[in-house]
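Q: From first to last, the protein sequence lines are chains Z and V.
For the first sequence, this note's numbering begins at 989 and goes up steadily by one.
For the second sequence, this note's numbering begins at 169 and goes up steadily by one.
In short, the hints are calculated from the structure, not lab data.
Quick reminder that beta carbons are idealized off the backbone N, C-alpha and C, glycines included.
Just so you have them, the derived chain V footprint on chain Z, three or more residues with Cβ under 8 Å: (1) 991-997; (2) 1021-1035; (3) 1038-1051; (4) 1083-1094; (5) 1173-1181.
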Amino acid sequence: MKAPRFAYARPATIEAALALLAAHGDEARVLAGGQSLVPMLNLRVAAPRVLVDINRVAGLAGIELAGGCVRIGALTRHAELEHSELVARHLPLLAAAIAHVAHPAIRNRGTFGGSCALADPAAELPACALALGASFVLRGPRGERRVAASDFFRGLYETALEPGELLVAAEFPLPAAGAASAFGELARRHGDYAMVGLAACAQREGKTLRAPRLAFFGVADRPLLAARAARALEGKALGDAVLAEAVAALEAELEPRGDLHASAATKRRLAGVLLRRIVTELAQ
Amino acid sequence: MNDAQEALDIELEVNGERVRRRVEARRSLADFLRLDLGLTGTHLGCEHGACGACTVRVDGAIVRGCLMLAAQADGARVQTIEGLSDAGAISDLQNAFVLHNALQCGYCTPAMLIAAQALLEANPEPTREQIRAFLSGNYCRCTGYQSIVDAVASVAAYRKSSAGPR
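The task is simple: from the sequences and hints, build the whole structure.
A: Next comes the structure, spelled out in structure tokens:
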């Protein structure tokens, strides 16, 4: 199908974008990479009166080291993340995840900020932001604020973004020495949204993991830190018994809902399979 | 451009030619190419980014023509299958698709060629696995992928030996 009629604006600055969002309120949507919003328009699932295209807003794209963080501009394309040396060096979790995000032509347009602001519960990048303890930088009419990833994702397609606010960047703290990360997902076809996925990181000392963070996606209305499974792993030398305990803890804390692609029982089972794989990789 | 408009003037380069048109804001790049410029080699399958039949190049990068607005291509350099094939840039790929029977109905073929060319430019010696991963965003519903992968792999080999049928 074709998109419904809408008006289109292409501001050049953050201030102009915020002014447009303020002027049009609920009737406006921000257009970033468009790889989720335009399908929703074409399928007539969304019908905003105004699209505010931020693709030419100065200063929203790019990856840089700043103040002990890797700062990723909201308009940074997935393909830039994929080929970034800074990301490969400091945020290997993101580098591993990005190959699972859709397909090359989509990654050339889709943006980091768009994926996070949309907050699809089966998306890879929000889970990575949660696992790595990133903060999101939001700009609104009253200025700038930072929201931790753990507070940003509020529910199904729901975030801490207030009406009139724009996601401008994410800041990832530089991992400490000894940090390890691993990523995996199970999907029906390469590039599909995952039935279940896991973005994980921890401090590694030999075979022992400390402060593991296990961000599952595709199993709840938002990316989810599996706290009980993490506690079952904390400070223990990894082995079959520890893994079995962690899987049992995970199965007790997850309450996935079945969907077209996998039943709740399948998702719970697959989450355990992934936990074993990814945690084993983390400790290697 | 700070006012929201339902139609706007755009100017871009399509296959090396300057083009100026007034377009509706809701016009997709793929529809613009097909309906406004008559470049019907860009196909539309699903119109929501799943099938890849509308793949074109914008400023060198492959994108989904159905997921980009024509308005967003204002100022850009767009290449379609017509431009790539007329330039002879992919004649070896086209020949290989014929030789390997890598198409039946041909609906996916223009986009498959564009994607394959983008892959070979970025990675001149891909493994079969890499070819499959890269082309995973382009659906073929009749031939199947085996012969398409064969064709792309053969062109990688031709180009490496630079003795291909160009």
